[in-house]
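Those protein sequences? They're chains G and E, same order as listed.
Under my numbering, the first sequence has 169 at position 169, and the numbering climbs by one with no breaks.
Under my numbering, the second sequence has 263 at position 263, and the numbering climbs by one with no breaks.
Because the hints were derived from the structure by calculation, they are not lab data.
These figures come from a predicted structure and were not determined experimentally.
Cβ coordinates follow ideal geometry from the N, Cα and C atoms, glycine included.
A few of these clues could be false.
Claimed, not checked - Short derived list, chain G residues pointing at chain E, Cβ under 7 angstroms:
hint, residue
1, LEU6
2, ALA17
3, VAL76
4, PRO101
5, LEU102
6, HIS103
7, SER263
8, ALA264
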Amino acid sequence: MRPLALFYLQQFKTTFATMVQYRASLFIWMIGHVLEPLVYLVVWTVVAEGAGGRAGDYTTAQFAGYFIVLMLVENVSYTWIMYEYDYRIREGMLSAALLRPLHPIHADMADNMSSKAITLPFMFVVAAVLAAIFHPAMSPRLWAVAAAIPALILAFLLRFLLEWTLAQAAFWTTRVSAINQSYFVFVLFLSGQVAPLTLFPHALQVLAAILPFRWMLGFPVELLLGRLTPVEALTGLGVQVIWVAIAYGLMRIVWRAGIRLYSAVGA
Amino acid sequence: MTDPAIHIHELSKTYEVTERESGLRASVRSLVHRTREEVRAVDRISFDLAAGEVVGFLGPNGAGKTTTLKMLSGLLYPTAGEVTVLGHVPSKRLGTFLRQITLVMGQRNQLVWDIPALDSFELNRAIYRIPHAEYRHTLDELTQLLELGPLLRKPVRNLSLGERMKCEIAAALLHRPQVVFLDEPTIGLDVTMQRRIREFIAEYNRRFGATVLLTSHYMADVEALCRRVVVIHHGRLLFDGDLSALVRQFTAHKTVVLQLAEATRDLGKYGEVLSAADGRYTLRVPKAETARITERLLADLPVIDLLVEDPPIEEVIERVFAQEIE
């Protein structure tokens, strides 16, 4: 275990060194990650105000709380691997990775975690500024915040494993962007990204509870906002564990098949 | 006798490629009907490398060299036949195997572009779990041999092609692999840099007793480094043996260079005139006739200087590649 920890530490240094080389693009990237939840926040605030101060079970101030926390959770769990993978295969970068005595997922995970560690402090500052402007209403309890820590870790693992697996589609097709697009539609509507899931029709809520998307975004947000009962929280963590296990198994199977194909046809 | 470091027996690799003509009509047709063709990139080749040997792996573009190197380093599954490297089956890609080999490709980039090479080296140290003391020692040696000193702290993107290649090679050797596959390590480099890398490979082989399999289009690389060469063409083994034997086997001619006291003479009756200028002539003569022809030249003509040579190695290789194999 120790050598692996040393690798993650070294990858952190590498990622940090690379990121500071691109301060401008880092800044632009952060604006993008703030703007999206901000747009939803403004839209839902207007909707709620038009409907007499609330929409569904959210007041105007609670919407503000939801999207500010969502912005932070999104920052913890999102990945960009799906945009990179087919480029990597085409450029022969995967071959370089395969020559190393270390599963390539470690390099990606270490890189992802490292850049999160670097950007998260900035996102907290942004969140504080947004809180000062929009006066969010939140009622987190201590136990819920404590439970949110494993929930966030599991959300990150689930999303990372799932999207890393989906990125492997590049082994089979060159139309990766079409797959990515349809995947993001699911994420947008069923994870709680565009709106809190309780605002959706019941059938969609059931679907969201079965599928993995809520568990990588919406669930930790609701937990942090103090909107869940201890039973709901515990059940949620259980579902997260099950989904992480499924995603891990999928990753193993798809990776093996992908590598088999890659080594058969060459690159 | 000890086991060979590399063992290849009846190794084959077949690719299936989809083919279609260019043009719109062909594009539409390819939607419903695809023509598949099997391409035999490597066709039942066999050879062994003893530990510590440096062997040149030659062949024209598309001969199957890179495919073979990829099978040897575990990136490609063979279609048939067997490969072992240091007793391992490469395609299993076990950690213990990967830690003992390296593959350097001339056009490939394993260094992180935006940061100094030294940072990429540190990453490799963590990946290969190289103990600190050993890492320091190897790095010092590589820095000295490849003259990396001033390069290590510059971002890789600011390095020239040759400087980057030196750093790539160093990165690939930090874990002191016992088996080194080099695919065109000197491609695109100037003559001085080529020579430096060549000397380095020889020195690495001497110091660590590593087995080296090298492909190159520069015959100077091969002449300087390899006593033995393996030649493949259209995926098939054409020659395996000493470089000097290759020259003997594939050259039916010798080159006679002579300087005459007077210019303007027609030497066509002695052999094929390759060049003639200012009384300096280059003739190509059948190898078996060399002695007889030189004797006649010396008797008939006012010769100042005469030199008999094997044709340059490039020409020999060209001849080998040009051979039609059935």
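So, going through the hints one by one against the coordinates:
1. LEU6: holds (5 angstroms)
2. ALA17: holds (4 angstroms)
3. VAL76: violated (24 angstroms)
4. PRO101: holds (4 angstroms)
5. LEU102: Holds, because the Cβ-Cβ distance from LEU102 of chain G to chain E comes to roughly 5 angstroms (cut-off 7 angstroms).
6. HIS103: violated (10 angstroms)
7. SER263: holds (5 angstroms)
8. ALA264: holds (6 angstroms)
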